[in-house]
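Novice: Given next are the chains, with one letter for each unit.
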Amino acid sequence: MKRQLSSLAWAVWQRNLDVFSKTWQVNLIPPAIEPVLYLLALGFGVGAFITDIEGVPYIRFIAPALFAVSVMNASFFECTYGSYVRMYYQKTFDAIVATPVTIEEVIAGEILWGATRSLISAGIILPVLVLFGVVDLPGSLLLVPFAFAAGLLFASIGMCFTAVIPNIESINYPAFLFITPMFLFSGTFFPLDLLPPPLQAAALAVLPLAHVVNVARALTLSTGWGFLLLGLLWIGIAAPILFFFALRLMKRRLIV
Amino acid sequence: MREVIRAENLEKRFGDFAAVKGVTFSVAEGEAFGFLGPNGAGKTTTMRMVQCVSPRSGGHLEVLGMDPATDAREIKALLGVVPQEDNLDPELTGYENLRTYARYFGVAKDVAEERIARLLAFVEMEKKKDVIIEHLSGGMKRRLVLARALVNDPRILVLDEPTTGLDPQARHLIWDQLQGLQAEGRTIVLTTHYMEEAERLCDRLVIMDHGGVLIEGSPADLIDQTIGRQVLEAEAVPAVLSCLDRHGLRYDLVGRSVLVPTDDPAQMTGTLLHECGSIKLATRPTTLEDVFLKLTGRRLRE
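One line per chain: the protein sequences are A and B, in this order. Counting in the numbering used here, the first sequence runs from 1 upward without gaps. Counting in the numbering used here, the second sequence runs from 257 upward without gaps.
Worth flagging that the hints you see were computed from the coordinates, not collected in a lab. Please note that a few of the clues may not be correct.
[To be verified] Quick list of the computed label-pair ranges, beta carbon to beta carbon:
1) S474(B) <-> E169(A): 35 to 41 Å
2) D272(B) <-> V164(A): 19 to 25 Å
3) E285(B) <-> W24(A): 43 to 49 Å
4) Y89(A) <-> G473(B): 37 to 43 Å
5) S7(A) <-> T543(B): 47 to 53 Å
6) E472(B) <-> E169(A): 42 to 48 Å
Virtual Cβ for every residue (Gly too), placed ideally from N, Cα, C.
The whole structure should be built from the sequences, with the hints applied where relevant.
Specialist: This is the structure:
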């Protein structure tokens, strides 16, 4: 068997970057505003009723969660809506596989691009969080490379859904039945240990966001190193598996 | 002449459905080879196997001496593909589309720049090269797709219905360009359901239907073999048909007309007018369309 994965995947990544750069104003400003709104509403609004959680002010507790959620959304929706439009409506993948680029490289390039979207989101949100003074420095700077790793994870998950859904409306299933519950129950707005122990274990077993939140929180609060290690381990195992699973599913869908 | 594509008993199945059933053909270097057939005949499926984007289910296939099943990347590096649907990147300009595509082939940057400038001139798109694709007409997009298919300086150009949906001016421009490319020594393989296009461009062609090849040859050969050079066309009224039957003349019923092939139209006209009374008839040269309709029937294809 010849090698199906080469650096040509970066040519696909470059194509997406070129398109993104054309409309960067639309692409950069809204994602920067959303976490600020959450920070204001939840940090100052809800936070006023909560003295502190685990010894830290509420706004400092949710700051890493907001970071994690925007990293998740950036890559997940890039590799669902974005990739689906390119695959189905624009026939971009068909155009690319007519060249020496393989389908595996197309999907790898898409996932790398999804992760890059997470990286870009991180680059926008981190200064906001620093400005609000709710994250520790310099540890929080590690959030930037971590965003890329977390982005690979969520991009791969998104791509798996893209490979199996019959039409673009079906993205609602993972969006509302997977992303929304994860948004609420991953130790984002309240600590995971408030859940009954079996649910807590279940959350850590199957909710990728829970681990991303744990790692991000350890970095911004400089505490909880055990969870950080567990999270990195979980992501380090899950991301490559899901990456290759996405490649396989997409190949099954597109090579007929 | 050297063979650049060879297919023997090529097959493609989708589950229980056989889209291509035992197709055999070969394309020589430098020739223009056409696939004609109604919708669903298996033309596009055959082309997709040649392009190495759809694995064959059976039979033998060789492109430029290599096997698509194992050497897809190497083969694709030498092909230029114009797909049925325009799939340019709509948010990018014409120039950016070509630059992006050149990267997929790993064309070095300076080589690509020089080649893109030449190709944009070739398809007469220099003035519009910085316009976003969304704002271009169908003919302009088609020309850009053709230019894009040439960024890797391909040996074989594969075109799936290259002029469908274009106005006559745009179509003639594309034809001229394709003939120019063939004159440079490139092999051209195309599908079409325009007979005029096939007659004008193809040195040889096959007519396909229901997943198989019905006939193969040059346009002139096909006409000779199937019908003959000239036909008399008359109204298919019972008086005419019974008269033709009475005189044992061979004819084809095509809708409301009856076609009588002949090598001597003047004599045949005289015979018919003399024997069958006052009927309306006309003589004309046979076209590929007559061959096509005779072989594939007139029933509408979905």
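Novice: How does the Cβ-Cβ distance of E285(B) and W24(A) compare with 43 to 49 Å: does it lie in that range?
Specialist: holds, 47 Å
Novice: State, for the Cβ atoms of Y89(A) and G473(B), whether the hinted interval 37 to 43 Å holds or is violated.
Specialist: holds, 40 Å
Novice: State, for the Cβ atoms of S474(B) and E169(A), whether the hinted interval 35 to 41 Å holds or is violated.
Specialist: violated, 51 Å
Novice: Just to be sure I understand the hint, the distance between the Cβ atoms of S7(A) and T543(B) should be within 47 to 53 Å; is that true here?
Specialist: holds, 52 Å
Novice: If I claimed the Cβ atoms of D272(B) and V164(A) lie 19 to 25 Å apart, would that claim hold in this structure?
Specialist: holds, 23 Å
Novice: Does the beta carbon distance between E472(B) and E169(A) stay inside 42 to 48 Å, or does it fall outside?
Specialist: holds, 46 Å
Checked against the numbered hints above, the structure breaks only hint 1 and satisfies the rest.
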